[in-house]
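Novice: Same order as they appear, the protein sequences are chains A and B.
Its first residue numbered 1, the first sequence is counted upward by one per residue in this note's numbering.
Its first residue numbered 205, the second sequence is counted upward by one per residue in this note's numbering.
Keep in mind the hints are simulated off the structure, nothing from the lab.
For clarity, every value in this text was computed on a predicted model and none was experimentally measured.
Just so you know, not all the hints are guaranteed correct.
Stated by the list, open to error - Examples of chain B residues toward chain A, derived with CB under 8 angstroms:
no., residue
1, GLY267
2, THR547
3, PRO556
4, TYR713
Positions of the beta carbon are idealized from the N, C-alpha and C atoms, including for glycine.
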Amino acid sequence: MGGESFDGALDRVTNFLVAGVGGQGALLASDIIADVALEASLDVKKSEIHGMAQRAGSVFSHVRWGKKVYAPVFDEGEADYLLVFEVLEALRWQPTLKKGGVAIVNRQKIFPVAVANGAQAYPDEGVLQAEFAAAGQRLVVLDAEKIAQEVGNIRVANSVLVGVLSKFLDLPADIWRDVLARRVPPRALNENLTAFERGRELVE
Amino acid sequence: MTTKQILSGNEAIALGAYLAGATVASAYPGTPSSEILPAFFRFGGPHAEWATNEKVAYEVACGASYEGARAFAAMKHVGLNVAADPFFSSSYTGVSGGLVVVSTDDTGIYSSQNEQDNRHFARAAKVPLLDPSDSQECMEFMRIAFEVSEQFDTPVLLRTSTRISHGKGVVEYDPGSRVPVSVKGFQVDINKYVLLPAMARRRHVVVEERARKLQEYGEDSPLNRIEWGDRRLGVIASGISYQHAREALPEASFLKLGLSWPLPRRLVETFVKGVEKVVFIEEADPFLESEVKMMGLDVGSDRFIGKEAFTLLGEYSAGMIREALAKYPELGVTYEKPAAYRTSERLPDRPPVLCPGCSHRGVFYTLNRLKAVVYGDIGCYTLGVLPPLSAEHTCLCMGASITTNIGGEKAAGFAAQADTRPRVSVIGDSTFLHGGIVGLVHAAYNQTNTKILILDNRTTAMTGHQDHAATGKTLMGEPRKPVDFVKLAQACGVDDVKLLDPFDLRTFYREVKASLERPGPSVIVASYPCVFVDPRVKGRQPIFIEPEKCNNCGVCLRFGCPGVYRQDDKAVIEAAVCNGCAMCVQFCPTDAAGTQKAAKEAAGQSEGGL
């Protein structure tokens, strides 16, 4: 069992920030987290911004669960978990994560236009490790696409990331599996469940 | 038997309308309101349609109400500006079947041109304002809205903000509790429905009397409540601000308003006199604050803390509320800002961009080369303002690209020094139908020198690909005859009309340039489907640039596509992002570009994941 224990999941509100680049599936992952809360009889609220960027813009979603949740969003330094689908976005959203919080980051890099045309530089690989260490936060970096390919379906990368996250939370894994089963196309269920387990195995 | 579901505010509004037996629903898509109508149809609503604009939507709903059906219209905040004409006067006619207009504010300006507070509309039109604070209330308030509408013979404004509409929460409801659809039929009543001045004068009396009754209704309505807590601090709040305030000040007393206009005087007075300090916590304008202060309650004005402690701009949060109130020692509120660790590295921005494969890119590339002054409009193509395309210079409101160009071009003719830059209007297909046609008629009849580019991507793209009158399909999936933009422009009296493919860059440039050089109005329909509605996109291979042939000239980078970047002095295409539109390589001088199957395979094309 990794990270701090959350036996008190019912007593306090847990904050998640899910972020990525439009088209990666970050919003769907946040829907799954919310569904898990409902399945576990927790109150849950979720808030996201969509509209402008159909593809390739920065997207993010707040999810909060607990016994009773009022505000759908939280302030900087208040996220317990950061689930991010792209390296640059992980650094962008790091200020939302509290000290001692857990960041789960997919090792994908998607260059914004400013990087593509050379106006700005994409941060070096080492920056990610250094910054989360400096902040006293736990960082789990993984190549979800690679694992998904090993599983046999590149599109199940999200389930790998969700699997990693699930390992940090004191809820029965079957709840997560049930929610996945409802959310993914039936013909890809086995691949998604395998991806989910592979994600869980990454956390000691 | 109740059931629990996680729903967005928009879905919950649709569910509430469905459960209330709403029959006719009409809307023009606009963030953050767009999901309401499709959800209403999915829940089983009998009729849901995309209207040509918000005025049309409102009038469709109004007519259905006149016939005795429960009906509603949905629109974003600025949409109600367009529908203001029927909205204000329907306050005078009143209703037969319940009539609700849902208007979604965009506090924080995530996807709009302004941050207007639509609560003012309710007060100005003297229409009751319902202000739900989460998804559960969206569902419940929508049901109550229809009841209030019928009981008080009035349209009802149900107002949300982005965090309510696009926020999700648990909604508990009884699927068996649906009110059966009932349509009474039209009852002739000219004194009510014909607003001739003599009738309107008498109706105005009714409107004012109704406002007094609504105020009385609010005194013990389930929409309003007092939550007594610590009497030293009382908060008056509604909508999303209530949730932020409740999070921030769990011990305080609350006057939680769901009927935010007209306000219940006695309930407010009880609350104000029952606490030592009253804090108004409301995003946007001091609406509740001004209403309460205008009541002239006999308490000292030092009892109130309002906008002077907060801001008119953007969204609130629990943290910012505590931070603001910590400055008043008498309240006993403390605030310690949570530590937020931020890298000192300068991180590259990731602004919204035109999608890979977007046909608009070719239009703006061309207008940039022609050094045109571009009067723009509302849609994805507003992103043509961003570098390197940098070819959109105004964006005011729906349809204004044509009419502001008419005035601008006219004024430029009187300039002391001749300004020879060409002027061009750029407007999307859905926006043109919404608000552009009247401008086209004006340009054609007056023979103004207005050059109109209709960017026809066959969908209402930015709001999530809704159908419109030129897509050939309705919201409910029925086939229809699409509007023909070329014939329409000709019928309006424009002779210079062209249908062009914006991907054929050489022809497109030549034709647009020629059109700019001819006098009089012209219409160019730049026609190519959005990548999201174009079935051909799936079968296309990503473009591959052969590094040994690339001479690093940078021509392919001028299109601002997120799929092309420069690495080690070579242009590289990201296969995972590229969908093979090939626009960027049309001018490749060394012929370095081609497609490659391997690139596609690397990107992964199998389906069925999350």
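Novice: Does each hint fit the structure? Answer for all of them.
Specialist: Each hint tested on the structure:
The interface hint given for GLY267/B is violated, since its Cβ lies 30 angstroms from the closest Cβ of chain A, which is over the 8 angstroms cut-off. At a threshold of 8 angstroms, the smallest CB-CB gap from THR547/B to chain A is about 5 angstroms, leaving the interface hint in force. The restraint placing PRO556/B at the interface with chain A holds, with a minimum CB-CB distance near 3 angstroms, inside the 8 angstroms limit. For TYR713/B, the shortest C-beta to C-beta distance to chain A is roughly 22 angstroms, which exceeds 8 angstroms, and the interface hint is violated.
In summary, the numbered hints that this structure violates are 1, 4.
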